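K.L.:
Chain by chain, the residues:
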Amino acid sequence: MAASAAASSTTTAAELRASRRRLVGDSLGIIVSASGFGLVLGLAYRAAGFSPIEVGAMGVFVFAGAAQFAAVGYVVGGLSWLGIILLTAFLNSRHFLYAAALAPYFAGASRPVRAVAAHLLTDEAFALAIAHFRRIGRLDTWGYFWGAFVATFIPWNVATIVGSLVGGQIPDPSRFGLDIVFPCAMAGLAVGLITGRREVVAAITGAVVAVAVSLAWDPAAGILAGGLIGPLAGLAMPGPKGADEPPLSPMPLGGEDER
Amino acid sequence: MSTALVGLALLMGLVTYPSRALPMLAPGLDRLPPLLLAYLRLVGPAVLAALAAVAVAVVLDADRNPSFHVGVEWLAVAACVLIVIRWRNLLAGLVAGALLVAVLRAAGIVPLP
Numbered sequence: 001m002a003a004s005a006a007a008s009s010t011t012t013a014a015e016l017r018a019s020r021r022r023l024v025g026d027s028l029g030i031i032v033s034a035s036g037f038g039l040v041l042g043l044a045y046r047a048a049g050f051s052p053i054e055v056g057a058m059g060v061f062v063f064a065g066a067a068q069f070a071a072v073g074y075v076v077g078g079l080s081w082l083g084i085i086l087l088t089a090f091l092n093s094r095h096f097l098y099a100a101a102l103a104p105y106f107a108g109a110s111r112p113v114r115a116v117a118a119h120l121l122t123d124e125a126f127a128l129a130i131a132h133f134r135r136i137g138r139l140d141t142w143g144y145f146w147g148a149f150v151a152t153f154i155p156w157n158v159a160t161i162v163g164s165l166v167g168g169q170i171p172d173p174s175r176f177g178l179d180i181v182f183p184c185a186m187a188g189l190a191v192g193l194i195t196g197r198r199e200v201v202a203a204i205t206g207a208v209v210a211v212a213v214s215l216a217w218d219p220a221a222g223i224l225a226g227g228l229i230g231p232l233a234g235l236a237m238p239g240p241k242g243a244d245e246p247p248l249s250p251m252p253l254g255g256e257d258e259r
Numbered sequence: 001m002s003t004a005l006v007g008l009a010l011l012m013g014l015v016t017y018p019s020r021a022l023p024m025l026a027p028g029l030d031r032l033p034p035l036l037l038a039y040l041r042l043v044g045p046a047v048l049a050a051l052a053a054v055a056v057a058v059v060l061d062a063d064r065n066p067s068f069h070v071g072v073e074w075l076a077v078a079a080c081v082l083i084v085i086r087w088r089n090l091l092a093g094l095v096a097g098a099l100l101v102a103v104l105r106a107a108g109i110v111p112l113p
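In order, the protein sequence lines correspond to chains R and W. Heads up, the first sequence is in the numbering used here, so the first residue is 1 and it goes up one at a time. Heads up, the second sequence is in the numbering used here, so the first residue is 1 and it goes up one at a time.
Isolated chain R (complex conformation) (with noise of 0.2 Å):
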């Protein structure tokens, strides 16, 4: 019984490290990816006049990109504060999405971590926990602050607040096609996170609905509206538990080494 519970705990503790690499090696294309935009929201920031500690104060109080990015825009045009923050609150509205969705595997975790946690909730920090958490099973603080802090609010508010200081000297990272980073890894983490015929059906879904209202109406409200309607196109295939469930595998990431 005892050997037995040992040996459990130690095939536990070896998925969890097996888990935790691949979980570091993923998030090294984000941290690309969020130095690089994080340089040029930098510029932007120099060129509409921002001053390093506005620039880090976006970057530690907002600390969701789209929404930085179009704040720019906004101040530089001249919207009104009132306006501005409605749109930013529209814009991240879908992050309720993403909490929703990790808020069940932090049901153990206590308040000031889970309060924390949510305020490092950006797109990158969701797509490198869920997948994370879905490979073990059950929440790893160490792999989602990894992931919210280490990969994303570090790089991304150090190369924002050094774009804004060091200027025009720093090359477009569209030529290095760095542009595609983003796109790649939410697609790339995406199949990661395809179990079954479900989760097919909700990211084919997700993606047109989204790709659909962005183009009648807007991005943000694109990728809320897929968010949305994807998982319930998935819910209409029959469940895991039937006879016909599709003989797909759990599809780890990180390297064949590991399957």
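If you're looking for bench data, these hints aren't it; they were derived computationally from the structure. Just so you know, not all the hints are guaranteed correct.
[Claimed, not checked] Distance ranges between label pairs, derived from CB positions: (1) Arg17(R) <-> Asn65(W): 27 to 37 Å; (2) Ala13(R) <-> Leu60(W): 45 to 55 Å; (3) Leu10(W) <-> Gly49(R): 16 to 26 Å; (4) Leu10(W) <-> Ala47(R): 16 to 26 Å; (5) Val110(W) <-> Ala14(R): 39 to 49 Å; (6) Val150(R) <-> Gly7(W): 23 to 33 Å; (7) Phe69(R) <-> Pro111(W): 32 to 42 Å; (8) Leu32(W) <-> Gly73(R): 34 to 44 Å.
Bear in mind the structure is a predicted one, so any value in this text is a computation, not a measurement. Every residue, glycine too, gets a C-beta built ideally from N, C-alpha and C.
The hints should help you fit chain W onto chain R, whose structure is shown.
P.N.:
Quick look at chain W alone, frame taken from chain R:
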């Protein structure tokens, strides 16, 4: 050094935080109905696919008007996805996607965005 926009940043953060925190801090997270849990399990693939699709298929002009876009970005994402499916290695997929785009742009085959 100006600090005039620090207050704006704080307010933007304040309106962002509830959407991030309410589901995480709400009580009863461990007693969600199975159907809701099944729904939430599908949010990940749906929203990540939505983010990727919008990033490559929708572009905004200077007035933030959206339009449909087909370009080398589609090839890069497809290459990344194929590598992830075949070799289950995201980093290799990201490098391949970025390299593909960088080479095609450097060769002048596709323009810079």
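K.L.:
None of the hints should be skipped; say for each whether it holds.
P.N.:
The hints, checked one at a time:
1. A beta carbon spacing of about 49 Å between Arg17(R) and Asn65(W) contradicts the range 27 to 37 Å that was offered as a hint.
2. Our hint of 45 to 55 Å for Ala13(R) and Leu60(W) holds, since their Cβ atoms are close to 47 Å apart.
3. Separated by about 19 Å at the C-beta atoms, Leu10(W) and Gly49(R) satisfy the suggested range of 16 to 26 Å.
4. Separation of Leu10(W) from Ala47(R) is about 23 Å and conforms to the stated range, judged on CB atoms against 16 to 26 Å.
5. A C-beta distance of roughly 45 Å is found between Val110(W) and Ala14(R), which places it inside the suggested range of 39 to 49 Å.
6. Checked against the hint of 23 to 33 Å, the C-beta distance between Val150(R) and Gly7(W) comes to roughly 29 Å, which is consistent with it.
7. The beta-carbon spacing between Phe69(R) and Pro111(W), approximately 21 Å, falls outside the hinted interval of 32 to 42 Å.
8. As the Cβ distance of Leu32(W) to Gly73(R) is approximately 39 Å, the hint placing it in 34 to 44 Å holds.
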